[in-house]
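> Protein sequence lines correspond, in order, to chains W and F. Read in order, the letters of the first sequence correspond to residues 1 to 390 in this note's numbering. Read in order, the letters of the second sequence correspond to residues 1 to 794 in this note's numbering.
Some hints here could point you the wrong way.
Pairs of lysine-lysine, BS3-like flavour, derived with a Cα cap of 25 Å [what the hints assert, rightly or not]:
(1) F:K595 - F:K44
(2) F:K234 - W:K52
(3) F:K44 - W:K46
Because the hints were derived from the structure by calculation, they are not lab data. All figures in this text were calculated on a predicted structure; none of them were measured in a lab.
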Amino acid sequence: MKRISIYLLIGFLLLVSGDLIFWDQGIGAEKKGEYLLPGDIKAGWKVFTTKKCGVCHAIWGEGGKGGPDLGTLPESYVSQSQLAALMWNHWPEMWGKMAAKKIPSQKMEKTEMADLFAFLYFIRYMDEPGNPQSGKVLMEIKHCSKCHPIVKEGAKGDLSPWGMYMNPILWAQMMWNHVPQMEQEMKKKGLPLVEFKGNEMVDIIAYIRSLSSKMEKVYLSPGNLQSGKKLFTQKGCIQCHLPQGELDLSKKKDFPRTLAQLAGMMWNHSYKMWKGMKEKGMERPTLSPQEMADLVAYLFSTQYFGEPGNPEEGKRVFTKKQCNLCHSKGTKMPNLSFLKGQISPIFMAQTMWNHGPEMLEKIRKAKISWRKIDSKEMVDLMEYLNRGMP
Amino acid sequence: MKINRRDFLKMGGGAGAAVALGGGFWKWSQFPVAEKPNAPGVEKWIPTICGQCMGGCGILVRVIDGWAVNIAGNPLHPVNRGTLCPKGIAGLQGLYDPDRIRTPLKRIGKRGEGQWQPISWVEALQMVTSSLKELRKNGESYQLMVLGGKYRGLMRSLWERFLEAFGSPNYIDNQFQWEGTPTEGLFLTQGIYSTPAYDLENVQYLLSFGSELLESYWSPVQVLRAYGYFRRGKPGQRGKLVQIEPRLSITGIKADEWIPIQPGAEGILALGIAHMIIKEGLYKKDFASNHTFGFEGWTDENGKEHLGFKEFILSEYEPNVVSKKTGVPVDTVIRLAREFATNQPSLAIGYRDRPFHQMAVSVLNGLTGSIDTTGGILIPRNVPYQAFPPFKKDTIAQKGLDKERIDGGKGLRRVIHQPYLFAQNVLSGRPYKPKALFLYYTNPLFSNPKPDLFSKAFAEIPFIVSFSPYMDDSTHFADLVLPDHTPLERWQDDPLFLNNGFPVLGIRQPVVEPLYQTKATGDVLLTIAKLLGGEFRTALPWNDFKEVMAYGFKGIFEAKRGDVFGLQFEEAWTRLLQRGGWWAPSYKTTEELWKLIQERGGWWDPLYDFGEWERIFQTPSKKFEFYAQGLKRLASSPLSKSNGDPSFLPHWEEPKKMSDEKLYPLHLHIFKTMAVTGSRNANQPWLSENFGPHLLERWITWVEINPHTAKELGISEGDWVWVESTFGKIQAKARLYQGAMPDVVNIPFGLGHASGGRWAKDLGANPYHLLGDDLDPLTGNPIQRSPRVKIYKA
Chain W
1 MKRISIYLLI GFLLLVSGDL IFWDQGIGAE KKGEYLLPGD IKAGWKVFTT KKCGVCHAIW
61 GEGGKGGPDL GTLPESYVSQ SQLAALMWNH WPEMWGKMAA KKIPSQKMEK TEMADLFAFL
121 YFIRYMDEPG NPQSGKVLME IKHCSKCHPI VKEGAKGDLS PWGMYMNPIL WAQMMWNHVP
181 QMEQEMKKKG LPLVEFKGNE MVDIIAYIRS LSSKMEKVYL SPGNLQSGKK LFTQKGCIQC
241 HLPQGELDLS KKKDFPRTLA QLAGMMWNHS YKMWKGMKEK GMERPTLSPQ EMADLVAYLF
301 STQYFGEPGN PEEGKRVFTK KQCNLCHSKG TKMPNLSFLK GQISPIFMAQ TMWNHGPEML
361 EKIRKAKISW RKIDSKEMVD LMEYLNRGMP
Chain F
1 MKINRRDFLK MGGGAGAAVA LGGGFWKWSQ FPVAEKPNAP GVEKWIPTIC GQCMGGCGIL
61 VRVIDGWAVN IAGNPLHPVN RGTLCPKGIA GLQGLYDPDR IRTPLKRIGK RGEGQWQPIS
121 WVEALQMVTS SLKELRKNGE SYQLMVLGGK YRGLMRSLWE RFLEAFGSPN YIDNQFQWEG
181 TPTEGLFLTQ GIYSTPAYDL ENVQYLLSFG SELLESYWSP VQVLRAYGYF RRGKPGQRGK
241 LVQIEPRLSI TGIKADEWIP IQPGAEGILA LGIAHMIIKE GLYKKDFASN HTFGFEGWTD
301 ENGKEHLGFK EFILSEYEPN VVSKKTGVPV DTVIRLAREF ATNQPSLAIG YRDRPFHQMA
361 VSVLNGLTGS IDTTGGILIP RNVPYQAFPP FKKDTIAQKG LDKERIDGGK GLRRVIHQPY
421 LFAQNVLSGR PYKPKALFLY YTNPLFSNPK PDLFSKAFAE IPFIVSFSPY MDDSTHFADL
481 VLPDHTPLER WQDDPLFLNN GFPVLGIRQP VVEPLYQTKA TGDVLLTIAK LLGGEFRTAL
541 PWNDFKEVMA YGFKGIFEAK RGDVFGLQFE EAWTRLLQRG GWWAPSYKTT EELWKLIQER
601 GGWWDPLYDF GEWERIFQTP SKKFEFYAQG LKRLASSPLS KSNGDPSFLP HWEEPKKMSD
661 EKLYPLHLHI FKTMAVTGSR NANQPWLSEN FGPHLLERWI TWVEINPHTA KELGISEGDW
721 VWVESTFGKI QAKARLYQGA MPDVVNIPFG LGHASGGRWA KDLGANPYHL LGDDLDPLTG
781 NPIQRSPRVK IYKA
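Taking the hints into account, I'd like the entire structure generated from these sequences.
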């Protein structure tokens, strides 16, 4: 079985190009195209709005409170199949709430579901608002305040001017370029090396922003994945981070899931990297903000893999979840073998969304319970269906 | 051809009248039959900005074969999202007013006789330029002055630039003192002399001290949309509105509770509420300690101790004291305080009362921390225009600019414009008399009490130029009229903000070719600058106002924020991106921005930046000031009865008694209606037809009297009565109204023009003629709710 590689487009890339961009290496021929449903993030937001998802679900606190805030970061990375599984499990409850709120169930086109997926990924790629109080504490714990004390605006070491930079990529870029100088100062002062974990960088950024009373704000234009890919080579990153090599970033399990986490990772990584570069006799590359944005677009795009499914396991899932009671040869319901080669997480989500209420009703009448499904089961089930239910 | 009101109404007040009104109809009807094809005309819908009031609504004008025939709301414009108020719908009547000034006019009779000679633009500009050159030649550049009305955007910058290059400090706002939201309260507490945004959508408890929210707010459609959301937009959270004012207005009718109060006593009620909030410890202590100044007593740099707000308010404004002055029961004062402090977010909003009374309302928001917070007072960012290029002032200009402004112009008065003092100073000749006066977008002879003061002042000025498109009361006294285009014929930018603080830039663009020989005043100023030559060419290098706009808009592009108008989901999208640090607009170049702005109607930045305290508090302490420290530094003369600490704390002063209460037993309360807010729209029949919808009154001025009072006075419904004060008398139709307090009579403002064409002249009466000149020492404006009147049958 060929490995399924789904590279969901990174939001800002799509915003710029509006094109349908995907990673098409290693995709099974029989599924080509179907796993690569393009998503337009802005269109996804429109779907989110017009289909009234926002009545129950907030994004960063803006919207309804009936369901979970979809802007908050999940504990771990969610693949497309996981997302499809989450939706499947969530829907019976959601339909009930929708009925109670008299929100009519609206059918969704496949492109709409793809757009919605793209949007949901994108939104989680951005950071939640940090906690300035925690950031203040971290400034002490991480010894930042030794060089950057809270001083009058404009004094040496004053970090408040950085508060105008609204995009964590700008922080990543500045920290990247600033690292050698900081490293020297830390050595001089005998400060230990520090690392930033989880959302620590988000909190520090939030704290520094809170120091800035200035009105100026600097935003960043979305990056370009293709430019980022070129830069990855031009700036020499590829010399260490060869695809399929030991330091292949796409295989890095703890690759950051948000931009601020990325800024933290670049800091954490810098010491080791400079050392490695020196050993290889490489020049230290500097990056402009836009170059950093492009590079980040590329790096994030390498992270959105779906795990391969197992058709044999999928067959067991099909039975275990009692799909076979309705969907098998000789039953009144459609035989799903006609879906051969058409299945993707987005297809699954879209079909289940449109078909779900009717299916739920039939399941209830047949006195069968709605069977929850986990992401691995979903991947296996999809693989089984994609092969025409052999 | 003459057309009277009856004929007009016969022509149909419906949609067809939009075409039929004024010159448009006549011109159209003059086409020979053979040239009137049966085929449908070429139709266009052109986005622009309504010019009927300061609301800034986006409109789409339907244009068929070059004629504007209908107006609808622009669904993309965030102020009104496709909806309009009656004024907006009537907008074509301003364009097609048959009494519009059609060409430059030169006075040929005596001032005010109304004898005019049409002249060419060449001659008119020659007259102005010669006069201006003469002033500069004689070193009298500072004696040119401009009285400017209420408008927004680059046109104001252009006037200022013109005066800067010319050498005059005399740009004075005559912005119809009671129009708009209160600004002095914000100035005293937050150091900002402009209108704040009130986040009305998100308020839970709205305490209105006489604010005419639902009938004559500065942006009526926006506030009505907000009101709908405030009531029903948040499931399970219906906002509560309490209206405190002497008259049962539309706002009072729609409110959950109307609290009648003696006119002018709103401020002391606010202080009574503040007293109870402090006494019961209901104020927001963290806000008070972190973001305010003067709440507690304090010691200045010279070691002098000063009285704090808390101590002052607790000692002076006990509920029983307040109750006696206001007529509001003690229990109500206590209940309002508790409700206001415990139903968050809560917001107090007032009217353009005396500054310290406004401050009394503002401090309620300070006590509950409703500043720079959701559902509170927000300070919008400015639209980021590109600054005008630098230029070198010549010696004449520099000398002129060093002079004092005619209305004062030092310290505090540099900030606050005082048209009333201007008129007084012109008469006294101190500091000097102007030799030329330009009137732009203002009608001081109508919109100020004691109009004879202004007409006498006008008589002292040798050369008066008006830029009005209509023959209004003040233009009538000009020497030269250079008629502006109407809003539907000209380019103009319109920067404003939404209730939630988002900056918005609407664009006004011509929807039709100018109907007459008029010119946009911006273009005229630039032409005059060219004719004056010298440094004017570098100070004002543009060929027309459209170029000025294109220049200013480059700053919008450079700011790298916001986007052009879009559908509602796009608003949230732009905000979502910006919250994540991204900016991905619909345009990539300034040219694209310019093009899209014209297509969609404008640009905006749908994100409010909370916590930027430098923007929020521009006071000396950089905090919310319970003690107006900024005012103390600026004030060069006593502003109150004494110059002690209470003069700089919110306090209440009883109005000066201007007349014998036995002879004049009734308070006068002047109000505005939706149709004719201020002095602009009386020339539009549809609006005069809707002047007083709650009493079905139209075309006339009425006086609302409590039925019991009327009975005592022997006045019946519909009688014509005289309303008389010590300063004058006007005739009005008596309407018995249960919403009038027994000792208060209410009269609408808007009619009573001495000029303005067939649909405005000599219709109704102007209640300002009843007001005196008890001036507030801070603003120099007459005190609004102090006059008393008597009524008798005419």
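> Which hint numbers does the structure go against, in order from smallest to largest?
The structure conflicts with hint 3 only, although it agrees with all the remaining ones.
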